[in-house]
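Chemist: Residue strings, one per chain:
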Amino acid sequence: MTAQSNTVKRPRVALFVTCLVDLFRPTVGFASIKLLEDAGCDVEVPSVQTCCGQPAYNSGDSINAADIARQVIDAFEGYDYVVAPSGSCGGMISKHYPDLLAADKDYADRARKLAAKTFELTQFLVDVRKVDKVTARLDGSVTYHDSCSSLREMGVKAQPRKLLASVGGLTFKELPDGESCCGFGGTFCVKYPEISNRMVEEKTDNIVKTGAGLLLAGDLGCLLNMAGKLKRQGSAVQARHVAEVLAGMTDEPAIGEGER
Amino acid sequence: MQPTSHRFIDNAHEALHNETLQQALANVRVNFIEKRRIAVEALPEFDDLRKAGRDIRDRVLSDLDTHLLAFEAKVQAQGGQVHWCADAEAARKTVLKICQEAGAKRVTKGKTMIGEEIGINDYLEANHIEPVETDLGEYIIQLRHEAPSHLIAPAVHVTQKQVEETFRKAHRDLDPKRNLEEPSSLLAEAREKLRQRFLSADVGITGANFLVAETGTSVIVTNEGNGDLTQTLPRVHIALASIDKVVPTLDDLTVLLRLLARSATGQEMSVYTTLSTGPRRADDHDGPGAYHVVILDNGRSKLLGTEKQDLLRCIRCGACLNHCPIYHAVGGHAYGWVYGGPIGAALTPALVGLEEAHHLPNASTLCGRCEQVCPMQIPIPNILRHWREEELRRGLAPVAMRRGIGIWAFFAKRPVLYRLATRIGARLLRNFAGKKGRLARVPLAPPVLTQGWTDMRDLPAPSGKTFHALYRQRRTGSS
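Which chain is which? The protein sequence lines are A and B, in order. Quick note, in this note's numbering, the first sequence goes up one by one and the last residue is 260. Quick note, in this note's numbering, the second sequence goes up one by one and the last residue is 479.
In case anyone wonders, no lab produced these hints; they're calculated from the structure. Incorrect hints may have been included.
[As the list claims (entries may be wrong)] Only some residues are given here: those of chain B computed to face chain A with a beta carbon under 8 Å:
no., residue
1, Ile326
2, Cys367
3, Tyr418
4, Gln473
5, Gly477
[What the hints assert, rightly or not] Which bits of chain A does chain B cover? Going by a derived footprint, with three or more residues having C-beta under 8 Å, they are:
no., region
6, 148 to 156
7, 205 to 214
For each residue, glycine too, the CB sits at the ideal point set by N, CA and C.
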C-alpha cells in the first residue's frame with residue numbers, strides 16, 4: 001500500500017454500498033472500507049442510501065429514477081469522493097445522473113459535480129489514490145469477469161488486474177471472450193430468462209475453461225448470476241467480489257456456498 | 001413483410017432450440033469480431049474517422065431536406081428521376097409502375113434492405129413480374145422463402161449443408177452426382193444459374209448504401225459484383241433508398257466508405273464500390289436507358305429532432321449485430337421484422353410501432369458493446385431506454401413490471417422503511433436457504449419476479465444481516 005504523507009489532508013470518501021451488497025454480501029462493504037482506509041481515506045457511510053435508481057431508470061421509469069438520484073445527490077454531494085464497489089452503480093451516478101437530471105434546474109449542475117467525483121472502487125484506488133499493491137494473500141488461481149458497465153462506462157479493466165497482481169500466491173487466468181456480457185442485465189434476466197441463461201452458460205463454460213478455482217468480479221449482480229449458474233451446474237468453481245480478496249477478507253463462504 | 005416482433009419470446013425460444021441455427025450463429029462471432037478488430041487496429045486514426053463520419057451524418061440530418069432536394073436536382077439534370085414515397089405502399093406502387101411501363105417480365109435484384117422493408121418481391125410476383133435475387137446470400141434465402149437474418153450477410157443463419165440441399169431441390173437440372181461440398185462449387189452453381197437471368201432481365205433493382213447530393217449519384221458496395229450487373233445490364237435501373245442515405249459530397253462519401261467496410265467485414269474496402277450517376281449517356285458504352293431513385297420515408301422523418309434522431313446516422317455495417325450477445329443467442333429472425341440486432345431493436349419500433357415491437361428494446365442487457373463498436377457512435381442503449389420510457393408512459397408495459405417497479409421505488413425513496421424491509425428480506429432468504437447458502441427456488445415470492453431466475457440458476461442466499469445493520473452494530477458497539 002502506498003503510504004500517503006501525513007501532511008496531506010485525508011480525503012473524506014462516502015461509500016455507496018449498493019443495494020445488492022447491502023442485502024446479499026455485507027463483507028464487500030467492509031472490505032471496501034478497509035481498502036479505502038488503507039489508501040489513506042476517511043470513510044463514511046451516509047445512512048440515507050438505498051439504491052442508485054438504476055432498476056427504475058433501465059425500466060423506463062425516469063420519474064422514480066430521478067427522485068432517487070436527487071436523494072443520492074443530497075446525501076453524497078458533501079464529500080470529496082463517492083466510491084462504489086460496483087461499476088454498474090458507479091456508472092449510474094457518474095454517467096447517467098447528469099442525463100437524467102439535465103432538465104432539473106436545481107439539480108443538473110449538482111448531478112454533474114457528483115458525477116465527476118464518483119468512482120468504481122478499484123478505479124479509485126489505482127487512478128485517484130495511486131495504490132499499486134495490497135498486502136493480501138490468496139493461494140490459488142483466479143479469473144476475472146469485467147462487468148459491462150465497469151468496462152465500457154467506467155473504463156475499468158487494468159485497475160483490478162494491477163491490484164490482483166500484488167496479491168501473494170495468486171495466479172491470474174484471463175477469461176476468454178472476456179468482453180461479453182454475462183446475461184444478468186438487471187430485470188432482463190427474469191424477463192428474458194432463456195436468453196439470459198444462454199448468455200450465462202457461455203460465460204460459465206469460459207470460466208471453467210480457464211481452470212481457475214475462483215471467479216472474481218467487481219459487480220455483485222454479475223457475480224450472483226454467474227455463481228448461481230455455476231452452483232446449478234454443480235461446478236466447484238467459487239465466486240467472490242474482488243474487494244474481498246484484495247482486502248484479505250475471505251473467511252466468509254464464497255457466494256452461494258454453504259457453511260463450512 | 002408482416003412483423004412477428006410481438007412474438008419475440010416465442011421466436012427466441014424456437015431459435016435457441018434450433019440446433020442448425022445455433023451452429024450457423026457460432027460462426028458469426030468468431031469471424032466478424034476478429035476481422036473487425038484486426039482492421040481497426042491497423043488504422044490508428046480509426047476513432048478520428050468515426051468522429052468525422054458522425055459529424056458528416058449529423059450535419060446532413062440537421063438539414064436533411066436541403067440535401068435531399070439537392071440530390072434530386074442533380075439526378076434530374078442528368079436525365080434520371082427521383083420518386084418520394086411516404087410509406088411502403090407508395091414505394092411498392094412506384095416500383096411496380098416503373099416496371100409495368102417498361103413492360104418488364106423479369107427483374108434482377110441486388111441487395112436492398114429497403115426492398116425487404118417494403119416487401120417488393122412478393123408484390124412484384126403477385127403482379128406477374130419475376131424478381132430474381134442476385135446476391136448469393138439473398139438468392140439462397142429467396143429459394144428458401146426466408147427473410148434475411150443479417151444486414152450484410154442475409155443467409156448467415158443457413159449452414160453450407162443447407163445451401164447444398166436448397167440448390168439440389170431448386171435447380172431441377174442439377175446432376176445428383178455433382179459434388180457440392182466446397183463453397184466454391186456452390187458459388188459456381190449459383191453463378192451459372194444467375195448468369196442466364198442477368199441477361200434476360202428487363203429491370204434491375206438495387207439498394208443504395210449512399211446517395212451523393214453534389215453529383216446525384218447512388219452508391220452500392222458489394223463483394224460479388226452482382227450489383228454491378230444488376231444496375232448496368234437491364235434497360236431500367238431502380239435504386240431503392242431511404243431518406244437517411246444522402247451525403248453531401250464525394251469527399252464525405254470516402255470517409256464513410258473507409259468506416260463501412262472495416263466495421264462490417266474487416267475489409268479496407270469492399271471488393272466493388274460502384275457509383276451510378278444517371279442513365280446511359282450518348283457516348284457511354286453501356287448502362288441502363290432509365291435511372292430511377294425511389295426514396296422512402298416510412299416513419300424515419302418522425303425521428304428527426306427527437307432523442308432518437310441518432311439512429312438515422314446508421315450506415316448498416318452490421319457491427320452491432322456481430323458484437324451483440326442477444327443476436328448471438330437468437331439470430332436475426334427472432335426480432336420478427338427486417339432489421340435484427342441492436343440497431344433493429346432500436347429502429348423497428350419507429351417503423352412498425354411500439355405496440356408491435358415492444359419486446360425488442362427490452363430484450364437487452366444494455367451491455368453497451370453495440371455503441372462501442374458502432375462506427376457512427378449511435379447511443380443504442382440510451383435509445384432502447386427511451387423506448388422503455390415511452391412504453392411505460394403509454395401504459396404498454398406489462399402490469400406486473402409496472403407494479404413491481406412502483407413498489408420497489410416506494411421503498412427505495414424511504415430509507416427507513418427500506419432498511420426494515422431489507423433486514424426482513426435478508427433474514428427470510430437466509431432462513432429459507434439454511435446452511436446450503438443458496439436457493440433453488442424462492443418460497444412465498446411471486447413467481448413472475450423470481451421464476452425467471454430460479455428456473456435457470458440458483459439464487460445465492462444473503463448472509464443474513466444487511467450491511468447497514470451490521471455497520472450500525474459495529475459503530476455503536478465500538479463507540
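Chemist: Evaluate each hint against the coordinates.
Modeler: Hints, verified against the model:
1. Ile326: holds (6 Å)
2. Cys367: holds (4 Å)
3. Tyr418: holds (4 Å)
4. Gln473: violated (10 Å)
5. Gly477: violated (14 Å)
6. 148 to 156: With 4 residues closer than 8 Å to chain B, the region 148 to 156 of chain A meets the three-residue bar; holds.
7. 205 to 214: Per the Cβ count (0), the hint is violated.
The earlier numbered hints that this structure contradicts are 4, 5, 7.
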